[in-house]
Amino acid sequence: MKERIMQKSSILPVTSVALLLVSVYLILGYVPTESTMGWVQRVFYFHVPIAWLSYLAFFIVFVCSIFYLSTRERKWDIIARSAAEVGVVFTALVLVTGSIWAKSSWGTWWEWNERLTSELVLWLVYIAYLMVRSFATEEDRGARSAAVIGIAGFFSVPISALSIRLWDTVHPQVDIFKGGLAPEMLFTLLFCIVAFTVLFVQFLLMRISMRNVEVEIAKLRYSFRR
Amino acid sequence: MSKSIGQILAIMRKDLISESRTRDVAVSVLVFALLVIVVFSFAFEPGAEVTKMFTNPQLEQIKLLVAPGVLWVSIVFAGVLSFNRSFAQEKEKGCLDALKLCPIDKEVIYMGKMLGSLVFLLIVEIIIFPLFSVLFNVSLLDPAIVLIAVLATIGFVCVGILFSALSVYTKAREILLPILFFPIVTPLIIAAVRGTGSILQGGSFGSISNWLGIMVAFDVIFIIVSLFIFEYAIEE
Amino acid sequence: MENKEDKSTSNSDFTIEAEGVTKSFGHHLVLRGIDLKLKRGEFLTIFGRNGAGKTTFLKILATLLRPSFGSVYMAGLDLSKNSMDIRRKIGVVSHQTFLYDELTAYENIKFYGKMYDVPKLDERARELIAKVGLASCIHEKVNTFSRGMQQRLTIARAMVHNPSILLLDEPETGLDQYASAMLQDLLTTFEAEKRTVVMTSHSLERGLQMGNRVVILSEGKIACDVASKDMSVSGLQELYQRYTGEEQ
Numbered sequence: 001m002k003e004r005i006m007q008k009s010s011i012l013p014v015t016s017v018a019l020l021l022v023s024v025y026l027i028l029g030y031v032p033t034e035s036t037m038g039w040v041q042r043v044f045y046f047h048v049p050i051a052w053l054s055y056l057a058f059f060i061v062f063v064c065s066i067f068y069l070s071t072r073e074r075k076w077d078i079i080a081r082s083a084a085e086v087g088v089v090f091t092a093l094v095l096v097t098g099s100i101w102a103k104s105s106w107g108t109w110w111e112w113n114e115r116l117t118s119e120l121v122l123w124l125v126y127i128a129y130l131m132v133r134s135f136a137t138e139e140d141r142g143a144r145s146a147a148v149i150g151i152a153g154f155f156s157v158p159i160s161a162l163s164i165r166l167w168d169t170v171h172p173q174v175d176i177f178k179g180g181l182a183p184e185m186l187f188t189l190l191f192c193i194v195a196f197t198v199l200f201v202q203f204l205l206m207r208i209s210m211r212n213v214e215v216e217i218a219k220l221r222y223s224f225r226r
Numbered sequence: 001m002s003k004s005i006g007q008i009l010a011i012m013r014k015d016l017i018s019e020s021r022t023r024d025v026a027v028s029v030l031v032f033a034l035l036v037i038v039v040f041s042f043a044f045e046p047g048a049e050v051t052k053m054f055t056n057p058q059l060e061q062i063k064l065l066v067a068p069g070v071l072w073v074s075i076v077f078a079g080v081l082s083f084n085r086s087f088a089q090e091k092e093k094g095c096l097d098a099l100k101l102c103p104i105d106k107e108v109i110y111m112g113k114m115l116g117s118l119v120f121l122l123i124v125e126i127i128i129f130p131l132f133s134v135l136f137n138v139s140l141l142d143p144a145i146v147l148i149a150v151l152a153t154i155g156f157v158c159v160g161i162l163f164s165a166l167s168v169y170t171k172a173r174e175i176l177l178p179i180l181f182f183p184i185v186t187p188l189i190i191a192a193v194r195g196t197g198s199i200l201q202g203g204s205f206g207s208i209s210n211w212l213g214i215m216v217a218f219d220v221i222f223i224i225v226s227l228f229i230f231e232y233a234i235e236e
Numbered sequence: 001m002e003n004k005e006d007k008s009t010s011n012s013d014f015t016i017e018a019e020g021v022t023k024s025f026g027h028h029l030v031l032r033g034i035d036l037k038l039k040r041g042e043f044l045t046i047f048g049r050n051g052a053g054k055t056t057f058l059k060i061l062a063t064l065l066r067p068s069f070g071s072v073y074m075a076g077l078d079l080s081k082n083s084m085d086i087r088r089k090i091g092v093v094s095h096q097t098f099l100y101d102e103l104t105a106y107e108n109i110k111f112y113g114k115m116y117d118v119p120k121l122d123e124r125a126r127e128l129i130a131k132v133g134l135a136s137c138i139h140e141k142v143n144t145f146s147r148g149m150q151q152r153l154t155i156a157r158a159m160v161h162n163p164s165i166l167l168l169d170e171p172e173t174g175l176d177q178y179a180s181a182m183l184q185d186l187l188t189t190f191e192a193e194k195r196t197v198v199m200t201s202h203s204l205e206r207g208l209q210m211g212n213r214v215v216i217l218s219e220g221k222i223a224c225d226v227a228s229k230d231m232s233v234s235g236l237q238e239l240y241q242r243y244t245g246e247e248q
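In order, the protein sequence lines correspond to chains W, P and Y.
Per our numbering, the first sequence runs over residues 1 to 226.
Per our numbering, the second sequence runs over residues 1 to 236.
Per our numbering, the third sequence runs over residues 1 to 248.
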């Protein structure tokens with residue numbers, strides 16, 4: 001039974017590696033270079049999918065936090081926590097790719113522009129989400145506190161983004177594709193979104209199964225200690 | 001309903017009476033806010049060489065750019081200090097358990113604590129604003145700025161009390177609370193600083209309507225969200 | 001909050017009925033199935049070493065913690081459904097005072113009275129404070145009181161809504177001889193008409209004296225359950241040592 005699940009689950013990692021390799025080829029070899037931004041614009045095909053997935057991750061955190069508080073079933077907490085971890089890593093990647101972008105368009109690694117600042121605030125909220133557990137005196141409390149932050153944090157995201165947009169009057173909205181996307185570009189972008197989403201699901205499932213193993217180990221360790 | 005309102009007010013009154021007798025928190029919060037203002041002045045006051053590069057009106061303008069930031073940072077920092085105390089005080093003699101034992105809805109506790117904290121922080125602001133006006137030579141006596149202050153403070157307190165309750169059962173709550181609090185209230189800090197800045201630059205009421213809108217939205221959303229999740233935050 | 005139609009009442013004569021109450025914190029099982037029935041008017045004392053689950057059990061009865069498994073009925077009401085109604089019926093005294101230091105005795109009682117929606121609150125507060133012998137310092141701040149005075153006020157506080165069930169968690173902690181005699185006196189005489197009491201205690205002697213039933217908790221289970229009148233202090237000491245492995 002266990003082995004069959006293991007076999008089944010190996011399909012997903014293989015798929016996601018294959019998709020990623022194809023998307024690397026598409027980004028580097030297939031898609032035409034954008035006229036105004038030049039070669040560095042290719043980071044966009046990483047940046048956009050990852051940014052969307054960071055939002056998806058925190059949406060999952062939000063939904064699972066609500067389920068956790070209303071049902072108190074551990075699985076919801078495990079999913080929420082795993083999604084937050086993957087989300088924080090992806091948000092960090094968004095910040096890195098974003099600052100590569102900033103370097104090429106404004107000449108500095110960091111610009112307090114709307115997008116980067118919003119992502120930074122988002123990142124900080126969910127770092128707090130992960131941190132609160134280590135401060136809690138017992139595990140259930142940590143899970144409950146985290147769920148409260150997962151819910152409050154989710155509501156703060158859109159309003160933060162809105163206020164940062166109003167705040168950032170220095171940087172004009174960059175229109176990346178003034179004349180619309182070339183069909184090759186659109187195809188590459190959509191392909192990358194699919195590839196990274198599969199990778200995200202893969203990471204999420206890995207994290208969840210690791211967390212389940214951790215729970216098992218903790219149980220065993222506790223039963224041996226007694 | 002009227003029973004609940006009476007209980008909310010009783011919790012608020014109890015907090016304010018306790019505070020008015022010791023003034024422990026009030027004094028430390030005020031001193032802290034003042035210290036923040038002083039430290040920021042050291043950091044931002046242009047030196048003699050820089051001063052030579054600008055004319056006097058230009059220097060005034062620079063001061064006006066810095067002032068709102070200093071003001072709101074000092075108030076937010078002072079606020080965090082007082083939120084830390086809000087539920088820690090309840091826990092000292094087990095009163096938090098006693099409150100949870102009372103046949104009242106958790107929302108009553110939240111509203112009572114929040115209103116107490118709100119009144120407290122508004123009083124702190126009433127003292128800080130004139131002091132700040134003198135130190136920075138700006139006039140904060142403007143209905144628009146008062147409105148900004150009230151809206152921003154409501155938002156700070158809504159979130160602050162929620163996280164104060166949440167961090168009361170954790171280790172090192174003094175560290176945890178600001179880490180939770182600051183990212184969430186980013187919109188309020190931006191709106192209050194920018195709104196106050198516009199008014200100080202001579203802007204009209206209309207010029208800050210965006211910022212007022214954001215603060216109202218924030219306040220409404222977070223009062224509702226907090227009422228829903230507060231119960232889980234103080235559960236033992 | 002509570003649903004008025006759906007009152008899961010039980011028609012038994014027992015004031016407190018706990019069945020299979022289990023509580024775990026993470027993987028740590030604190031209570032491993034507690035069955036306990038208490039009649040109206042009984043005074044139960046729970047003994048057990050630290051970590052045996054005494055306080056946890058009391059907190060479950062007080063609606064502060066939810067049991068992981070098992071059911072509790074108090075005054076015929078299901079704890080998991082009618083916690084709000086149950087709270088109206090219970091008074092709690094703990095080793096913490098539950099008092100606000102900066103408020104006066106009168107203000108403290110009045111505040112809690114308001115929370116319990118007690119009618120004629122002013123009279124009730126004065127009466128209670130007089131009963132615990134603090135009438136002369138009714139308008140003094142609690143932080144000027146001695147530990148014993150504070151504990152007496154704590155008892156008045158717990159009684160403000162005239163509860164039919166009292167839960168006492170080591171109420172004598174930190175009290176001197178005189179104060180604990182006063183406490184004992186208050187608990188056994190003060191409005192004691194048919195009030196059900198559950199108390200945890202460290203002092204076998206005093207617990208035996210005050211209660212009419214004794215339970216020893218060990219490793220989250222009831223190890224023994226005896227009537228006080230059949231027990232001598234030395235007999236209880238022996239039992240306590242046998243079940244907890246600890247000298248008392």
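Because the hints were derived from the structure by calculation, they are not lab data.
Take these hints with a grain of salt, some might be off.
Some chain P residues judged to face chain Y by a derived CB distance under 7 angstroms, without partners named [what the hints assert, rightly or not]: (1) T22; (2) R23; (3) A26; (4) K93.
Every value quoted in this text rests on a predicted model; they were computed, and no experiment measured them.
Here a beta-carbon is modelled for each residue, glycine too, at the ideal position from N, C-alpha and C.
Verification of the supplied hints:
1. Hint on T22 (chain P) holds. Least Cβ distance to chain Y is approximately 6 angstroms, under the 7 angstroms limit.
2. Hint on R23 (chain P) is violated. Least Cβ distance to chain Y is approximately 10 angstroms, over the 7 angstroms limit.
3. Annotation: A26 (chain P) was flagged as interfacial toward chain Y, and the flag is violated, the nearest CB pair being 13 angstroms apart, outside 7 angstroms.
4. A cut of 7 angstroms between beta carbons decides the hint on K93 (chain P): the least distance to chain Y is about 5 angstroms, and the hint holds.
In the structure shown, a violation is registered for the earlier hints numbered 2 and 3, in ascending order.
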